[in-house]
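Enquirer: Sequence:
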Amino acid sequence: MTTVYYFDQKRYGGTAAQQDIRDLLDLFDVAAVNRRVLAQAAESEFADYEDAVLHSAARTAGADGIVTRNTADFSAASLSVHTPTELLTILDHRRE
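Okay, so the sequence shown: first residue is 0 according to numbering that gives the first Met the number 0, each after it adds one.
Calculated from the structure, these hints are not laboratory results.
Where hints are given, some of them may not hold.
[What the hints assert, rightly or not] With a straight-line Cα cutoff of 20 Å, these simulated SDA-like cross-link-like pairs (lysine to any residue) come out:
no. : residue 1 : residue 2
1   : 9         : 20
2   : 9         : 30
3   : 9         : 21
4   : 9         : 23
5   : 9         : 19
[Unchecked claim] Here are the computed distance ranges between Cβ atoms for each label pair:
no. : residue 1 : residue 2 : range
6   : 78        : 41        : 17 to 25 Å
7   : 77        : 12        : 33 to 41 Å
8   : 0         : 48        : 18 to 26 Å
9   : 13        : 71        : 17 to 25 Å
10  : 10        : 35        : 33 to 41 Å
11  : 39        : 11        : 31 to 39 Å
12  : 82        : 60        : 16 to 24 Å
13  : 21        : 47        : 28 to 36 Å
14  : 63        : 39        : 12 to 20 Å
15  : 92        : 48        : 31 to 39 Å
Positions of the beta carbon are idealized from the N, C-alpha and C atoms, including for glycine.
Work the whole structure out from these sequences, hints included.
Expert: In structure tokens, the structure reads:
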């Protein structure tokens, strides 16, 4: 969410970015990162620890999948992995 806010506020301003964050929080749950998640990530098969933390947090939270611009980083994932464009397509189909 912090990265979304960063780019959003640069493009549209702080007020719009804050509203967009509120809108996203209404749509999605946010996975917690705690000691357990960090320890699981350290024991994972992921080459990159940051990616391992994201995956571990998503699994612990019971997420259906992960959204990332770089799906190749999540080749070790046990969850489905989607690009932002793929997520938008999935959401559009659910609205129909």
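Enquirer: Next, verify each hint and record whether it holds.
Expert: Quick rundown of the hints versus the structure:
Restraint check: the Cα-Cα separation between residue 9 and residue 20 comes to about 14 Å, which is no more than 20 Å; the hinted pair holds. Restraint check for residue 9 and residue 30: not satisfied, since their Cα atoms lie roughly 25 Å apart, outside the 20 Å limit. Between residue 9 and residue 21 the alpha-carbon distance is near 17 Å, which keeps this suggested pair within the 20 Å criterion. Distance check on the hinted pair: residue 9 and residue 23 sit about 18 Å apart at the alpha-carbon level, within 20 Å; holds.
Proximity of residue 9 to residue 19 is assessed by CA-CA distance (about 13 Å); at most 20 Å being required, the pair is judged to hold. Evaluation of the 17 to 25 Å hint for residue 78 and residue 41 yields a pass: the beta carbon distance comes to about 18 Å. Checked against the hint of 33 to 41 Å, the pair residue 77 and residue 12 passes, with Cβ atoms roughly 39 Å apart. Between residue 0 and residue 48 the beta carbon distance is about 20 Å. The supplied range of 18 to 26 Å therefore holds.
Distance hint for residue 13 and residue 71: a CB-CB separation of about 33 Å, inconsistent with the stated range 17 to 25 Å. At roughly 36 Å, the beta carbons of residue 10 and residue 35 sit within the given window of 33 to 41 Å. The hinted window of 31 to 39 Å between residue 39 and residue 11 holds, with their beta carbons roughly 36 Å apart. The hinted range of 16 to 24 Å is satisfied by residue 82 and residue 60, whose Cβ atoms lie roughly 20 Å apart.
Taking 28 to 36 Å as the suggested C-beta distance range, the pair residue 21 and residue 47 conforms, at roughly 30 Å. Checked against the hint of 12 to 20 Å, the pair residue 63 and residue 39 passes, with Cβ atoms roughly 18 Å apart. As the Cβ distance of residue 92 to residue 48 is approximately 34 Å, the hint placing it in 31 to 39 Å holds.
In terms of the numbered hints stated before, the structure departs from hints 2 and 9, listed from lowest to highest.
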